[in-house]
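Number of protein chains: 2
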Amino acid sequence: MASAESFPPVVENVGAKGRLVLVCEHASNHFPQPWGDLGLTPEQRAAHIAWDPGALQVARGLAQRLDAVLIHAPVSRLIYDLNRAPDMKGAMPARSEIHDIPGNAAIPPEERAARTRAVYLPWTNGLHNLLATRIALGLAPVVVTVHSFTPIFHGRPRAVEFGVIHDADASLAVAILGAAHKLTRLNVELNSPYSAADDVTHTLRLQATPYGLPNAMLEIRNDLISTAAAAERMAETLAPVLNMGLTEIQKQAKAS
Amino acid sequence: MASAESFPPVVENVGAKGRLVLVCEHASNHFPQPWGDLGLTPEQRAAHIAWDPGALQVARGLAQRLDAVLIHAPVSRLIYDLNRAPDMKGAMPARSEIHDIPGNAAIPPEERAARTRAVYLPWTNGLHNLLATRIALGLAPVVVTVHSFTPIFHGRPRAVEFGVIHDADASLAVAILGAAHKLTRLNVELNSPYSAADDVTHTLRLQATPYGLPNAMLEIRNDLISTAAAAERMAETLAPVLNMGLTEIQKQAKAS
Chain A
1 MASAESFPPV VENVGAKGRL VLVCEHASNH FPQPWGDLGL TPEQRAAHIA
51 WDPGALQVAR GLAQRLDAVL IHAPVSRLIY DLNRAPDMKG AMPARSEIHD
101 IPGNAAIPPE ERAARTRAVY LPWTNGLHNL LATRIALGLA PVVVTVHSFT
151 PIFHGRPRAV EFGVIHDADA SLAVAILGAA HKLTRLNVEL NSPYSAADDV
201 THTLRLQATP YGLPNAMLEI RNDLISTAAA AERMAETLAP VLNMGLTEIQ
251 KQAKAS
Chain B
1001 MASAESFPPV VENVGAKGRL VLVCEHASNH FPQPWGDLGL TPEQRAAHIA
1051 WDPGALQVAR GLAQRLDAVL IHAPVSRLIY DLNRAPDMKG AMPARSEIHD
1101 IPGNAAIPPE ERAARTRAVY LPWTNGLHNL LATRIALGLA PVVVTVHSFT
1151 PIFHGRPRAV EFGVIHDADA SLAVAILGAA HKLTRLNVEL NSPYSAADDV
1201 THTLRLQATP YGLPNAMLEI RNDLISTAAA AERMAETLAP VLNMGLTEIQ
1251 KQAKAS
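Those sequence lines, one after another, are chains A and B.
As numbered in the numbering used here, residues 1 to 256 make up the first sequence, in order.
As numbered in the numbering used here, residues 1001 to 1256 make up the second sequence, in order.
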C-alpha cells in the first residue's frame, strides 16, 4: 500500500493578522486511495472514531471571528492520527474505542513509514513552516488545537461539555478556563475528558513548546455541535472566550 | 535581499543502519548569494564566528565508524544559525564575540522571514523527515550534534577540551561523559563551555525531546582538530566513546 502521493494540510485565512493559529488535526473523515476504507462500514467512517465531527466548523467560525489562520487535516485520523508520533500505537490504531480497524490490524514497518511520509510529514512540516515564518516576522503566534469528543465513551456518558487541556505550559489553558467560566454557562473542565498524560498533546509538544509559544487544546462535546447551526453558535460562544484568554496572557507577559 | 532559493541540508550515509543520527549545524562557512559575505573579511569568514572548524570532519569520521547517517548545514551560521529559533538574536547575529557583522546590523522582519524560509525551514524539515521516518521504521534514532569551540573566547583561554551538553534528558550526555573519562585522556566536562541555559540546545529541543529520543550535544575544542589528520584522530578517539555511551543507555532502557 506504499504511496508516493502526498496529502498536505489545508490552510485557510493565510493572510490573517491575529496571533492565533488554529489547528484541526481531526477535521476530515476522508479515506483516499491507496488506503481506501480500511475495511470499515459507512457508519464507522462517519463516527467519532474516524474524525472529530463538528470541530472543523467550529474552528472555521473561530478563525473568521478572531482574524486567525486555520490549518486542518485532509484525511481520516484512522489512516494517520496527526496528533500522534509515528511510534505511538494510536498513530495508526488497530482498535478505536469498541471498533476493530481491519486495515490497521498488522501494519508492517514499511507501511508505517509510507503513511508517515504521505500524511504526517506534509502536515507537521506545513504547520511548522506556518509557525516559524510567523515567529520570524515577529507575529508571536499562539497555537490552539480544536477537537470534539463523543458524549458516550465505552458506554459511559461524559458530563463535561468543554475541556481545556494543556501540556508543559498551563498559562493559556488556565486563562481560557477562567474566561469560559465568566462568559459561558458551559460545563467546563481543565484536562478533561483526558490530559497530556494520555499522550494527546503531541501537536503542542512538537510545534509550540520548543519555541515557547503559548498553547492549548480545546475539546468540545460533539452532541453540542452536531449541526452547522449549532457549530456556528458554539464559535459565537467561544470566540470571546479565546479573546479574553489571549488578553489575559498578554497582560501576564507584560507584568513579568 | 529576499530570495526564493532554498538551501537544503546535505545528508551523507543515508542508508546507515545504526541508531545514531549525527547533526552538524555549523559545518559550513559558505556565504552564497543573495547574501554574499555580509561585509566580512576573508579572515573573519574563515574564523570560528562563521562556522565550527573541524566539526564536519570529526562528524564524518564518526559516521563512517559507527554506521551513522550524517546531516550537515550548507551555509554559514552568520547567514542563519541553524541551532537557533527565528526569534533569537543569535539566529542572524549582529555581533559575534568581538566582531560586528555588517550585513546583519539591522535585518527587517521580511528579510528574517526570507532567511528562515531559505535556510532554516529546509534544514529543520529535512532533519525532521529523517528522524520521523526512522521512528516509523522502528529504528529508534538517537540524536548527537557535533560542534567545535574556540580555545580563546573574549581573550580568556578555555581549559576544557571536550564538552558534553544536555537539554531536558541528561541520560546520554552523562553516559558519554562517563565513557570519555574511562576511554580517553581528554579534559572532559558536562555542560561546558556552555549549557542549555545559554540557549544552545535548540536542535535537541525541537527534534529530539518531543519524540523522547535520547540526545546530546558534543563540543570539541577546535585547536585539537585543526588539521584533517587531527580531526581523523579525534573521530578515532570519540567513536568508541559514543559506542559505550549508546550501550549504556540501552542497558538502562532494558533495566527500566
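Among the hints, a few may not be true.
Computed cross-link-like contacts, DSBU-like style, restricted to lysine-lysine with a CA-CA straight-line distance of at most 30 Å [claimed, not checked]:
id: 1; chain 1: A; residue 1: LYS17; chain 2: B; residue 2: LYS1017
id: 2; chain 1: A; residue 1: LYS254; chain 2: B; residue 2: LYS1089
id: 3; chain 1: A; residue 1: LYS254; chain 2: A; residue 2: LYS17
id: 4; chain 1: A; residue 1: LYS89; chain 2: B; residue 2: LYS1017
id: 5; chain 1: A; residue 1: LYS182; chain 2: A; residue 2: LYS251
Restraint-style ranges between C-beta atoms, simulated for each label pair [claimed, not checked]:
id: 6; chain 1: B; residue 1: PHE1153; chain 2: A; residue 2: LYS251; range: 38 to 44 Å
id: 7; chain 1: B; residue 1: GLU1043; chain 2: A; residue 2: VAL11; range: 54 to 60 Å
id: 8; chain 1: A; residue 1: MET88; chain 2: B; residue 2: GLU1043; range: 35 to 41 Å
id: 9; chain 1: A; residue 1: ALA159; chain 2: B; residue 2: SER1256; range: 15 to 21 Å
id: 10; chain 1: A; residue 1: VAL11; chain 2: B; residue 2: THR1041; range: 40 to 46 Å
id: 11; chain 1: B; residue 1: ALA1197; chain 2: A; residue 2: MET88; range: 52 to 58 Å
id: 12; chain 1: A; residue 1: GLU97; chain 2: B; residue 2: GLU1236; range: 28 to 34 Å
id: 13; chain 1: B; residue 1: LYS1089; chain 2: A; residue 2: PRO108; range: 29 to 35 Å
id: 14; chain 1: A; residue 1: PHE153; chain 2: B; residue 2: VAL1014; range: 40 to 46 Å
id: 15; chain 1: A; residue 1: GLN33; chain 2: B; residue 2: PHE1153; range: 54 to 60 Å
Calculated from the structure, these hints are not laboratory results.
Quantities reported herein were computed from a predicted structural model and do not represent experimental measurements.
Heads up, the beta-carbon is just placed ideally off N, CA and C, and yes, glycines get one too.
Structure-based check of all given hints:
{"no.": "1", "hint": "A:LYS17 x B:LYS1017", "in the structure": "violated, 45 Å"}
{"no.": "2", "hint": "A:LYS254 x B:LYS1089", "in the structure": "holds, 20 Å"}
{"no.": "3", "hint": "A:LYS254 x A:LYS17", "in the structure": "holds, 21 Å"}
{"no.": "4", "hint": "A:LYS89 x B:LYS1017", "in the structure": "holds, 23 Å"}
{"no.": "5", "hint": "A:LYS182 x A:LYS251", "in the structure": "holds, 17 Å"}
{"no.": "6", "hint": "B:PHE1153 x A:LYS251: 38 to 44 Å", "in the structure": "holds, 40 Å"}
{"no.": "7", "hint": "B:GLU1043 x A:VAL11: 54 to 60 Å", "in the structure": "violated, 45 Å"}
{"no.": "8", "hint": "A:MET88 x B:GLU1043: 35 to 41 Å", "in the structure": "violated, 50 Å"}
{"no.": "9", "hint": "A:ALA159 x B:SER1256: 15 to 21 Å", "in the structure": "violated, 37 Å"}
{"no.": "10", "hint": "A:VAL11 x B:THR1041: 40 to 46 Å", "in the structure": "holds, 43 Å"}
{"no.": "11", "hint": "B:ALA1197 x A:MET88: 52 to 58 Å", "in the structure": "violated, 31 Å"}
{"no.": "12", "hint": "A:GLU97 x B:GLU1236: 28 to 34 Å", "in the structure": "violated, 55 Å"}
{"no.": "13", "hint": "B:LYS1089 x A:PRO108: 29 to 35 Å", "in the structure": "violated, 47 Å"}
{"no.": "14", "hint": "A:PHE153 x B:VAL1014: 40 to 46 Å", "in the structure": "holds, 43 Å"}
{"no.": "15", "hint": "A:GLN33 x B:PHE1153: 54 to 60 Å", "in the structure": "holds, 58 Å"}
In this structure, the hints that do not hold are numbers 1, 7, 8, 9, 11, 12, 13, in rising order.
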